[in-house]
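Visitor: Take a look at the letters that make up each chain.
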Amino acid sequence: MDVQKDETLELRQTEDIVRVRQAARAWAVALGFSLVDQTKIVTATSELARNTIEHGRGGSVRMRSLVNGVHKGLRLDFVDTGPGIANIELALRDGYTSGTGLGLGLSGSRRLMSEFEIKSEVGKGTHVSVTRWT
Amino acid sequence: MEKIPILRMGRFLLVSIQVDLHDRVALQLQEDLTDQIVKTGAKGVLIDISALELVDSFIGRMLNNLTSMSRILDAETVVVGMRPAVAITLVELGLELGGVRTALNVERGMELLGGAAFGRSKG
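So the sequences go chain by chain: Y and B. Its first residue numbered 41, the first sequence is counted upward by one per residue in the working numbering. Its first residue numbered 48, the second sequence is counted upward by one per residue in the working numbering.
No wet-lab data here; the hints were simulated from the structure. Be careful, since some hints might not be right.
[As the list claims (entries may be wrong)] These stretches of chain Y come out as covered by chain B in the derived footprint (C-beta under 8 angstroms, 3 or more residues): (1) 69-81; (2) 86-96; (3) 112-124.
[To be verified] Examples of chain Y residues toward chain B, derived with CB under 7 angstroms: (4) VAL43; (5) LEU152; (6) GLU155.
Glycine included, C-beta positions come from ideal geometry on N, C-alpha and C.
Go ahead and model the full structure; you've got the sequences and the hints to work with.
Guide: Okay, structure coming up:
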């Protein structure tokens, strides 16, 4: 698997969400994703970026475009150094919310992407990695 | 700051969302729309989202809120013009927009509102 492009964007304030999802859209278009796939990627990006800012107290997203044989992929790693998630299983459940949201950020993003991984440690932070393949 | 225009069309208000929604723009819209409903006595609100390339849970919640606020102020809301890719994504995301009425386009939305207002005035 080759990494073709690699870039990290800051996620500090809610304005950054719009910037990051515009970047994700541009990358998805360049990789040749269909319109529906682009929309899924951008929506998942928006959800996870908001989590990083609102629950993780800010962090960053690393974007990578990948090539694996005939398939191309977009991988996004959202990293924060916030309070972490005590019960990941619970946080992944539809409708579970710790804030004012609808509780679909994590569970919904998982459905929108091909691969989903989450690591979190209380007091240290959270790392969510998602990938969508063409 | 960007602002979302609210146009008056007879007894209805038309909100056409043409910008990528920042949080502050979305919150400003809630204030502006409720103000306009009270000021104009509008009985219906059309929210055109045909320019929106995504509806995430934040925007979904905003559409829900706008609908509830309008209803309390005696105006019915119809969200119109959702793109097919957005609809597909919304369902997969798990966002049902339960309390929000939708129509394919502004014209159909106006029919829906017209019908509702007519039915109510008769009743």
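Visitor: What are the numbers of the hints the structure violates, in ascending order?
Guide: Violated hints: 3, 4, 6; rest satisfied.
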